[in-house]
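S.K.: Listed below, chain by chain, are the residues.
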Amino acid sequence: MKKIAGIWGSCLLLLSGCSAIQNMDVLNPAGSQAEEQYSLIKLSIYIMLIVMVTVVVLFIRFVYKYRARPGFTPEKHQENRNKKLELTWTILPFVLLLILAVPMVKSVFGEEKQDNTGAMKVKVTASKYWWKFEYPEKDIVTSQELHLPKGKRVVIELHSKDVIHSFWVPQLGGKQDLIPGRTNKMALTPEKVGTYQGKCGEFCGAGHSFMRFLVKVDSQKDYQQWVNQMKKENGSTKLSAQESEGQRVFKSNCLSCHATSSTASANQGKEGPNLADFGDRERVAGFMPNTEKNVLKWLKDPKKVKPGTDMPKAKGLSDNDYAALSAYLKTLKK
Amino acid sequence: MPFFNTQIKFASDIVAANISILVILIAAVIYISLAKKWKMTWSLIRTMDHRKIGILYIAWGFIFFLRAGLDAMLMRTQLAFPNFHFWVFQGDKYDQVMTTHGTLMIFFVAMPFLIGLMNIAVPLQIGAREIAFPFFNSLSMWLFVIGGLLINMSFVMGGAPSTGWTSYVPLAVDKDIVGNGTAFYDMGVQVSGIGTIMTSINMITTILKHRAPGMGFMKIPLFTWSALITSILILFAFPVLSAALLILLFDNQFGTQIFSGEHGNPVLWQHLFWAFGHPEVYIVILPAFGVFSQVISTFASKRIFGYSSMVLSMLVIGFLSFMVWIHHMFTVGLGAFANVVFAITSMLIAVPTGIKIFNWLFTIRGGSVRFTTAMLYSLAFIPSFVIGGVTGVMQAVVPADYQYHDSYFVVAHLHYVMVGGTVFGAFSGFYYWWPKMFGYILNDKIGKWQAWTFIIGFHMTFLPMHLSGLQGMPRRTFTYLPEDGLFEFNFISTMGAYLMAISVLLFIWNVFYSYQKKSRRGVADPWDGRTMEWAVSSPSSHMRWPYLPVVRDLENLWYAKEHGNGTLPFSKKEEKRIVVEKPTIIPLLLSGGFFTISFGLIFAVPLITITGFAGTLLLMAWRSITYERSIDLYTSEQLEEAIRREEA
Numbered sequence: 040m041k042k043i044a045g046i047w048g049s050c051l052l053l054l055s056g057c058s059a060i061q062n063m064d065v066l067n068p069a070g071s072q073a074e075e076q077y078s079l080i081k082l083s084i085y086i087m088l089i090v091m092v093t094v095v096v097l098f099i100r101f102v103y104k105y106r107a108r109p110g111f112t113p114e115k116h117q118e119n120r121n122k123k124l125e126l127t128w129t130i131l132p133f134v135l136l137l138i139l140a141v142p143m144v145k146s147v148f149g150e151e152k153q154d155n156t157g158a159m160k161v162k163v164t165a166s167k168y169w170w171k172f173e174y175p176e177k178d179i180v181t182s183q184e185l186h187l188p189k190g191k192r193v194v195i196e197l198h199s200k201d202v203i204h205s206f207w208v209p210q211l212g213g214k215q216d217l218i219p220g221r222t223n224k225m226a227l228t229p230e231k232v233g234t235y236q237g238k239c240g241e242f243c244g245a246g247h248s249f250m251r252f253l254v255k256v257d258s259q260k261d262y263q264q265w266v267n268q269m270k271k272e273n274g275s276t277k278l279s280a281q282e283s284e285g286q287r288v289f290k291s292n293c294l295s296c297h298a299t300s301s302t303a304s305a306n307q308g309k310e311g312p313n314l315a316d317f318g319d320r321e322r323v324a325g326f327m328p329n330t331e332k333n334v335l336k337w338l339k340d341p342k343k344v345k346p347g348t349d350m351p352k353a354k355g356l357s358d359n360d361y362a363a364l365s366a367y368l369k370t371l372k373k
Numbered sequence: 006m007p008f009f010n011t012q013i014k015f016a017s018d019i020v021a022a023n024i025s026i027l028v029i030l031i032a033a034v035i036y037i038s039l040a041k042k043w044k045m046t047w048s049l050i051r052t053m054d055h056r057k058i059g060i061l062y063i064a065w066g067f068i069f070f071l072r073a074g075l076d077a078m079l080m081r082t083q084l085a086f087p088n089f090h091f092w093v094f095q096g097d098k099y100d101q102v103m104t105t106h107g108t109l110m111i112f113f114v115a116m117p118f119l120i121g122l123m124n125i126a127v128p129l130q131i132g133a134r135e136i137a138f139p140f141f142n143s144l145s146m147w148l149f150v151i152g153g154l155l156i157n158m159s160f161v162m163g164g165a166p167s168t169g170w171t172s173y174v175p176l177a178v179d180k181d182i183v184g185n186g187t188a189f190y191d192m193g194v195q196v197s198g199i200g201t202i203m204t205s206i207n208m209i210t211t212i213l214k215h216r217a218p219g220m221g222f223m224k225i226p227l228f229t230w231s232a233l234i235t236s237i238l239i240l241f242a243f244p245v246l247s248a249a250l251l252i253l254l255f256d257n258q259f260g261t262q263i264f265s266g267e268h269g270n271p272v273l274w275q276h277l278f279w280a281f282g283h284p285e286v287y288i289v290i291l292p293a294f295g296v297f298s299q300v301i302s303t304f305a306s307k308r309i310f311g312y313s314s315m316v317l318s319m320l321v322i323g324f325l326s327f328m329v330w331i332h333h334m335f336t337v338g339l340g341a342f343a344n345v346v347f348a349i350t351s352m353l354i355a356v357p358t359g360i361k362i363f364n365w366l367f368t369i370r371g372g373s374v375r376f377t378t379a380m381l382y383s384l385a386f387i388p389s390f391v392i393g394g395v396t397g398v399m400q401a402v403v404p405a406d407y408q409y410h411d412s413y414f415v416v417a418h419l420h421y422v423m424v425g426g427t428v429f430g431a432f433s434g435f436y437y438w439w440p441k442m443f444g445y446i447l448n449d450k451i452g453k454w455q456a457w458t459f460i461i462g463f464h465m466t467f468l469p470m471h472l473s474g475l476q477g478m479p480r481r482t483f484t485y486l487p488e489d490g491l492f493e494f495n496f497i498s499t500m501g502a503y504l505m506a507i508s509v510l511l512f513i514w515n516v517f518y519s520y521q522k523k524s525r526r527g528v529a530d531p532w533d534g535r536t537m538e539w540a541v542s543s544p545s546s547h548m549r550w551p552y553l554p555v556v557r558d559l560e561n562l563w564y565a566k567e568h569g570n571g572t573l574p575f576s577k578k579e580e581k582r583i584v585v586e587k588p589t590i591i592p593l594l595l596s597g598g599f600f601t602i603s604f605g606l607i608f609a610v611p612l613i614t615i616t617g618f619a620g621t622l623l624l625m626a627w628r629s630i631t632y633e634r635s636i637d638l639y640t641s642e643q644l645e646e647a648i649r650r651e652e653a
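Keeping their order, the protein sequence lines are chains A and B. Under this note's numbering, the residues of the first sequence are numbered 40 to 373, in order. Under this note's numbering, the residues of the second sequence are numbered 6 to 653, in order.
Since the hints were derived computationally from the structure, they do not count as laboratory data. As the structure is a computational prediction, the values presented were derived from the model and not from experiment. Here a beta-carbon is modelled for each residue, glycine too, at the ideal position from N, C-alpha and C. There's no promise every hint is true.
[Unchecked claim] Over 10 angstroms on every C-beta distance to chain A, these chain B residues come out as not near it, computed from the model:
no.: 1; residue: M80
no.: 2; residue: T210
no.: 3; residue: R481
[Stated by the list, open to error] With a straight-line Cα cutoff of 20 angstroms, these simulated EDC-like cross-link-like pairs (lysine to aspartate or glutamate) come out:
no.: 4; chain 1: A; residue 1: K255; chain 2: B; residue 2: D489
no.: 5; chain 1: A; residue 1: K162; chain 2: A; residue 2: E196
no.: 6; chain 1: A; residue 1: K342; chain 2: B; residue 2: D179
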């Protein structure tokens, strides 16, 4: 019994706030929705701790006190019912649940009633296994990295191209599903500048584990600067011989699916992620550090790196072609 | 290698699986031949005895438990380190193993363990001679076995289902991804589901119509009550699943677009699945509650506290279980109103469950607790289940659930209730009723080692999962990145899982060890029992009670012990027609028919399907024609005579 008690003890300790635990994504919110969810999580943990402690204390006391042992005689009168006690543990849980339910209902309807006029709009489209982000007001399309300004409410429209996915940025807010043939909406209001991990929350096949993205929250000014840069076309810098060779390879192998410009018109009908700012991105394929080695690994055998991906292996490319391609991709910068 | 409409690739894992299947089959044949058990095997597969059918349920369930447990070990090994490459279990292979683990554990381990225990204990507890329809009972059991075999075979026949035990569309009907996997899942669960529905009808009839004289509703032991309520839940919930699976079969094999495609509605599948799926959760927990009620009362040597509120709360839980399913779908976007209503009904379930927890605690108070292995499991259940229960209430808080949903927090929660509730209950029931099943007692010392390793391993595995979920680990992921900060939690989980595996091996050892030692000390009533199953010999005999016992109290045997010499009084009523079914092979053959139908549907070979249907119908006709010849009729006197002969 003591061993179990020890394990619970450590569990309670962990939940009630070791420093390492407080850095956990869900418990370290950086947006107002996540903040509200966190406060409800805290409230429910406190209420549930009351329940846990009550049960565990009674349990240890009864099991210890009434254990069969030499010289122990059980009480003559055995109690099999007790109206007062039974009423107590019927009514008290109702009270505890009420304390939990009221703020919950308030929060759900509160979020529903929020005024979305003047909120920024982003359209998210999920496919196996990557994310497309469209900014209809700004005529920008990006993929894999979502840029948001700090302190502004963003209404996110959720679409899926194939199967069900779920949009989840733990530090900014909980999930919402992206379901084919259905449009869902959710809102995020980032409150802290930083880079946050985003993941697909609904199982979507072999590449589910690697269906990740980043959310970069900038100050209003930096965000505006990013928007202006994204609107500019690439190609101001002079390409080296290798890089132009890479551009040629790109045009004949990749361009049918990947756009190198972030305007909406350039992305029409493109099946793959937009690569306009590929050189600036932190990650390749959504989860590996964007280094030359990883880019080559990815290009040479996409299905091995990311199971289930639709990205095909280009046919008949030499090692030199790959090196050139990788060099060219690096120049796609803002 | 081409195989009907699919290709079997002989990768290392498939070869290993094939070899191990072969080795196990050969070993089984050699063992049966050497031990001269062919005759016994032949009579066992034709049996109509509820005890033996119960044992077969549990034995097959245990085989599937080992397979699903092996899957768990493979998964935990793959997840032990960030970016780890263990054998072939990444991507699709991991998904196959993960899906098989979930599907088998829910449908082919938890259900048969509990239905097996019901089969063994319920007729004895209510003083019935047999289950209402023994033929049905045997057929149900074989259909479950066939369903389980289908799911198990898929791995070596071109790919197991790989979209989780929930099998969400449109992913599940994407043939490029799942191949025949979803068809295997669909038919396997469908076939065993038909059996489960028949079992529920069987149980309900047995409990309503075959109780011994004097047993009013408020004198039914709690395990039987739980069996009754569970069966009613099955009767209402499983047809929903059957319908959903039928539509899924059409979408998957015949190209209709009901759940998927341009005109289909993927959310409809989720509604149907969870309208079944949530009651299912209670279907596998209520009988475990029943086991705990019996075990705690027996080993605290005290009548259960608050019997009527125990019954009432089970009824309320069963009722509420049909109106909470949206809490699996909070993130689908059904709107604030739907979410809030279902959140509140979900929270309400905590109240009757809490009542039960306190009743168990107060059953212990004032008693005298004997720490047998069965009791150890029941005691460990209380705090473990409370952890699972409170995380359940936490998830009913809609905005907070947006964070928990489909993360490892959910994995932790569901294992706390499924393992901490159902599996603890099953093990508790095994240790408790083992003498009634086999006539010998499982060794208590090994049993305690087994229980403690299992309990500690369980907490080690699943407690850290709450934290990995809060750290943002999504469910059903085959790996994570080093920078995710998930390594420590996952490593502890993996170590805990290994400890649980050791514990399961200890259980197997205990079974063999105790079988050889055969401790028969007071084996009819080894625990100083309180209900009627402890009044008959161990193992319980197929033919018993030429005159039915009279029920005077909820704890009828205990009452007889307190008010006399501990023998039950029997009714004087002479019966003219006691039906005893003769053993027959037809149920096994019938399930073979279902297997053929499924095989044809899975591999899209109409000829095989039609053959299967024809065979099944012929067998049914054969059974109707030969019914008269397949039973024996006894009068009370003749039965008494037959029992005397049996004993001599």
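S.K.: If a hint holds in the structure, say so; if it does not, say that too.
M.R.: We went through each hint and held it up to the structure:
no., hint, in the structure
1, M80, "holds, 13 angstroms"
2, T210, "holds, 31 angstroms"
3, R481, "violated, 4 angstroms"
4, A:K255 with B:D489, "holds, 17 angstroms"
5, A:K162 with A:E196, "holds, 5 angstroms"
6, A:K342 with B:D179, "holds, 18 angstroms"
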